[in-house]
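Colleague: One letter stands for each residue in the lines below.
2 protein chains.
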Amino acid sequence: MLKNLLEPKSIAVIGASEDVTKPGGRLTLNILTKGFAGNLYLVNPKGGMIQGVKAYPSIPELPEAPELALIGVPAKFVRTALEELAAKGSKIVVVLSAGFGELGPEGKAEERALAEIATRHGVLLLGPNCSGVMTYAHASKFTGVALKLEKGGIDFISGSGATVDFLAEHAMRRGLKFNSFLTVGNSAQSGVPDVMEIYDADHGPDSPKVMITYQESIVNPQKFLKAARSLNKKGVLLAGIKAGTTQAGSRAAASHTGAMATNDTAVQALFDKAGVIRVDSRLELVDVAAILTLVKGRADGRRVAIVTDAGGPGVMLSDELSRLGFEVPAFNERTRARLAEVLPAGAGVGNPVDTLPTSPAANLEKVLSILIEEVKDQVDYIVVMNGDAGMMDNWALYQVARKFMDISPIPIIPSYESVLSSEVPLKKFREIGGCYFEDEVYLARALSRVVNRPRIYEPEKSAVGYDKKKIAELLNGCHGALSPQITREVLQTAGVRFPGQVELREKAGLKDVPFAFPWVMKVMGPLHKSDVGGVRVGIKDIKEAEMVWDDLLKIKDASGTLVQQMVKGTEVIIGANREPGYGHLVAFGLGGIYTEALKDVKFALAPLAKEEADRLIHSIRSLPLLKGVRGEPGMDFETLRDILVRIGLLVTDFPAIQELDLNPVKGYGKDIFTVDARILVD
Amino acid sequence: MLKNLLEPKSIAVIGASEDVTKPGGRLTLNILTKGFAGNLYLVNPKGGMIQGVKAYPSIPELPEAPELALIGVPAKFVRTALEELAAKGSKIVVVLSAGFGELGPEGKAEERALAEIATRHGVLLLGPNCSGVMTYAHASKFTGVALKLEKGGIDFISGSGATVDFLAEHAMRRGLKFNSFLTVGNSAQSGVPDVMEIYDADHGPDSPKVMITYQESIVNPQKFLKAARSLNKKGVLLAGIKAGTTQAGSRAAASHTGAMATNDTAVQALFDKAGVIRVDSRLELVDVAAILTLVKGRADGRRVAIVTDAGGPGVMLSDELSRLGFEVPAFNERTRARLAEVLPAGAGVGNPVDTLPTSPAANLEKVLSILIEEVKDQVDYIVVMNGDAGMMDNWALYQVARKFMDISPIPIIPSYESVLSSEVPLKKFREIGGCYFEDEVYLARALSRVVNRPRIYEPEKSAVGYDKKKIAELLNGCHGALSPQITREVLQTAGVRFPGQVELREKAGLKDVPFAFPWVMKVMGPLHKSDVGGVRVGIKDIKEAEMVWDDLLKIKDASGTLVQQMVKGTEVIIGANREPGYGHLVAFGLGGIYTEALKDVKFALAPLAKEEADRLIHSIRSLPLLKGVRGEPGMDFETLRDILVRIGLLVTDFPAIQELDLNPVKGYGKDIFTVDARILVD
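So the sequence lines, in the order shown, correspond to chains A and B.
Position 477 of the first sequence, counted from 1, bears residue number 545 in my numbering, the numbering being contiguous throughout.
Position 317 of the second sequence, counted from 1, bears residue number 385 in my numbering, the numbering being contiguous throughout.
Hints may be right or wrong, so weigh each one.
Copies of the same chain look alike in the list, so a pair counts if it fits in one copy or across any two.
Simulated pairs of lysine-lysine, BS3-like, Cα-Cα distance not exceeding 27 angstroms [unchecked claim]:
hint, residue 1, residue 2
1, 538, 364
2, 144, 536
3, 301, 122
4, 444, 364
5, 216, 496
6, 529, 302
7, 434, 90
8, 608, 245
9, 434, 636
10, 301, 738
11, 529, 444
12, 738, 444
13, 608, 495
14, 444, 667
15, 114, 471
16, 611, 294
17, 495, 538
18, 291, 277
19, 216, 579
20, 590, 608
21, 102, 277
22, 102, 495
23, 302, 536
24, 71, 102
25, 364, 176
No lab work stands behind these hints: they were computed from the structure.
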């Protein structure tokens, strides 16, 4: 399927036109301009010649079933065209025409009809309201210019056609290469996740290693997750934008592609679990794609060598890298001496290396040769910056960088600041396969996003003592909010610890309470325990406990005491919430009286891998509090992680759980207990 | 002075050369290329003709004292050249030559010698190691291309010559206009603040309204503060970069311009007090400068109308604006109806307005005309976005935007995405004075920086009950850490409240304690009170107090009790720290056991205006805690503000105070007390 989309043997344009301001005319022009090696069929009721190519009056008259057909006729004629193409035997149909779901319910209904027809005939339907497909082999797109794509470049799958064009222009200006641009428009049948699935299914060893996406709604989160994770495992690095996440943004998206608002927390958790770097703007996406392209899969280290010919940019880059947790390690004596030997007096030879603007290309060549020998085990990337002070031949400098991009064992990341005065050499640099940044601070930010990208892990499938069968029995027939007793039993059976408690009818039982002091003792019998002074906390020893027993039993209606283990320590909350289409979001955050005020909570999609649970714990702002303050012991992170994993398992195994809250979860070290809990089932 | 710098009647190049790869040669070429209306004098020992202009063999032989002289000879000849120019009567000398402070102590000494000579002769010295000056009237810069500047554009004063060039190229590509570029290099005599002072001194009604700066060290923070505040008051909007603020960055800066590391907290507080928007990258500075230019001083509102011809960018802009606290208000029925009338079916008429890519310039003209009539009181800015789908004449669209930039009562901010396919019309747009963004998300971020820019306020000069004379008496002769008693008296005299306390020798005195319960009672006499059970907290009434008295007096050596008011409530810390060159930084943050762990503290330069104290309080992350959690009353912000203002006054009036800490400051409502305090004096 993918090959038919990227490299079809034949393409048909339904609604071809001589008028290039019309979609069908522009589409025809673009295909012709870019060139297409297969058979191009134009369809127009008037027949004749269009833009120099023979046009067929109708689809049935076409000499063969086009592998890829694009429909650019008015909305009301689209259904017939699709039916005719399906009957003819076409398996990929792209509907460019607008006037569907983005206009309201009627258009939405017509979209559903198109999807139904396509699915019935086993046709992949893209659109309606999309701008087409452009690949290394054809430019079947009706907006934008016909750009030169390159097999093996980046794949870009987008819900917005214009975003493809606008991103492409910026990306091409920076030397990025694309394998394909694919737009899905209103996603009547197939959205971005469906197309990702096609790319994944046909992924081979020579397939592109970078994929980027733009979505206003995620039509099928589970499919997105599955395809992205699968591509990740095959070595593809992914980044994307999910727009329309604020109220204003989703109002804008609704009128654009009919996208519906989604919970941004769920979206972020989805991207994290899918291993997709999430950004908010086209230029950020271009920057991240540039890093992904330049580092060639080597993007885990945090040590950077800087080679610059101007001081200021070296300072700003060093600052930003430091702020982002990267190192710009100082070079050792021998490296400095070797650099000093080949550079003019006054040059910087530590890190950054400042070659000075008066250094010719030969100096850069020497510097890079020395660095890849001397610091290849000390740094993970070399950023090469060159401006144009008007004194050197920048084309010569760029050629050196280009050469080292191929031969250096350390990825080379070029940053070229003189976008106007070096316009010509920069164009030449792009033509020989160069790719570069225009601002070193943005470079650092993109590098940080890539190095800190979410990794994919295998979720835990079981946990010691987690008894799925028994939980099923406990939950059997339950509805709504579970009773405290069932809640406790379900969670204990899942392996969650509660403070110990025993109900005593006899004072003598106090000696056999199976947990340590301090205790809480509550009178049993009276309904409003607190009102009658029936709750005592901080009981320190058996002597005090016996005194308290005597006191409590004096209360009217007292029938015994409930003895509970008293838990001290930091408080956190752990919860889970079902998000339609996404599964369950597991929440982790600071608990206690600050929960509401500080809203320091993070989310991840269930089930969780240990590493995801760790990431959750480490992502809250209040992390230092969990480690213990003022000499108090902190909470053991392995224990917290274990609870998170168990909660993730529980909600995955029992999707009927709508909401679940452990609040607070409290303790020191490994002694972490759930003091209160709540489960809602439907 | 400023006019002589920007529009000198005569310029001399000392070290002029035929070789344009040498600074003196390049400088001469740039001046000639750009054109200069005054007298240009070249000096070279060989005399003759250089680049077609007569050269004088020596400075004394020049026919007049050049108003502006630039020295481009090797470092060792610079001192003589400066002396000769001073003797000749030149009042502005720019030393381009490198080889001074950036090389080490010897160079630093030579710099000092140059500064001394210049100052003795009343000469303004810029450099050494700078790249010169470029203004609307001359291009006396040896790096970069000779750009076309425009009187009334932006002034850019920079510590890095290359940064001027690199920023300029990006800025010019976006249509920004510059009045002057000025580089100060190593700032031997005059740094960025000194030059700002000159611009301020000669600021007139027609002077530029936007100034940007780049500094690696702030050579004179007080002068920077004064000049920036003064310019601000004259309506100039300022933004700048201070680089070299991390360890790696300052190491890079040291080898670049010899800049020393400074405390970044102090730098941020300085920028805030000076009313200068701080950014970290050149492109961010370009973006902020573009907003400052486009909004023409109208940059306080948070309501945005969006007009786009493509959906995706409208969605991303709406999202980012929302995230940043801006509104994209939905238009009312009448506005929507009027827009629908002039736009094709399927166009968006709410906000964003989506004209669709098939709308010609005439539609944009109608839309903007309707908006400035209908929503001029509902929005503060109109963002106009146009891409190039290849179907419309973008030059016509840009001309409409350009026209409305002039006539619209609401500032128009253009954002044009098609940087490649619209290259030609964009160039024409710049030529007719257009200025634009290339990414709408970056646009939103820059707008947010501008709207949230620090404002300047007049610090409080006194406070009710603040007795400066008495504090002076108390501090007279003090050194090192003040005693608890003196600390308390100093702070109380400044108007800071402490919890009440009385020392009692007689039990009868308990009835006359002048503050409310609860109390803390501490035995007097024994040294280690806690060890002997001599501290009791939470005493609720007189009965309990009398019982505690009896208990405490039983302790060996007991001579009475110290009775203290017990304070409950949220804890904050308030402090002050002297930062050499900057004055005192007043600190405000979350107190209690979380101080160390959460490090939630912000700083402002003393003395404080009420508004600055407010900004401090509102800038900490834990702000919601101060407002009260779980039904507890919060802290009264006016009371907190008052304490901050008093602390600002105290350290300003008594600069000998090196450190001061009120920790914790605690309470509810207006009853906020300093429970513990510490003052260090030198």
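Colleague: Hints first: check each against the structure and report whether it holds.
Modeller: Hints, verified against the model:
no.	hint	verdict
1	538 <-> 364	neither (49 angstroms within a copy, 70 angstroms between copies)
2	144 <-> 536	neither (54 angstroms within a copy, 84 angstroms between copies)
3	301 <-> 122	neither (46 angstroms within a copy, 71 angstroms between copies)
4	444 <-> 364	within (16 angstroms within a copy, 51 angstroms between copies)
5	216 <-> 496	both (15 angstroms within a copy, 26 angstroms between copies)
6	529 <-> 302	within (22 angstroms within a copy, 67 angstroms between copies)
7	434 <-> 90	between (55 angstroms within a copy, 23 angstroms between copies)
8	608 <-> 245	neither (71 angstroms within a copy, 76 angstroms between copies)
9	434 <-> 636	neither (63 angstroms within a copy, 68 angstroms between copies)
10	301 <-> 738	neither (35 angstroms within a copy, 60 angstroms between copies)
11	529 <-> 444	neither (40 angstroms within a copy, 59 angstroms between copies)
12	738 <-> 444	neither (42 angstroms within a copy, 62 angstroms between copies)
13	608 <-> 495	neither (79 angstroms within a copy, 81 angstroms between copies)
14	444 <-> 667	neither (44 angstroms within a copy, 37 angstroms between copies)
15	114 <-> 471	neither (55 angstroms within a copy, 43 angstroms between copies)
16	611 <-> 294	neither (61 angstroms within a copy, 71 angstroms between copies)
17	495 <-> 538	neither (68 angstroms within a copy, 72 angstroms between copies)
18	291 <-> 277	within (20 angstroms within a copy, 54 angstroms between copies)
19	216 <-> 579	neither (84 angstroms within a copy, 92 angstroms between copies)
20	590 <-> 608	both (15 angstroms within a copy, 25 angstroms between copies)
21	102 <-> 277	within (24 angstroms within a copy, 48 angstroms between copies)
22	102 <-> 495	both (20 angstroms within a copy, 26 angstroms between copies)
23	302 <-> 536	neither (33 angstroms within a copy, 73 angstroms between copies)
24	71 <-> 102	within (19 angstroms within a copy, 56 angstroms between copies)
25	364 <-> 176	neither (43 angstroms within a copy, 45 angstroms between copies)
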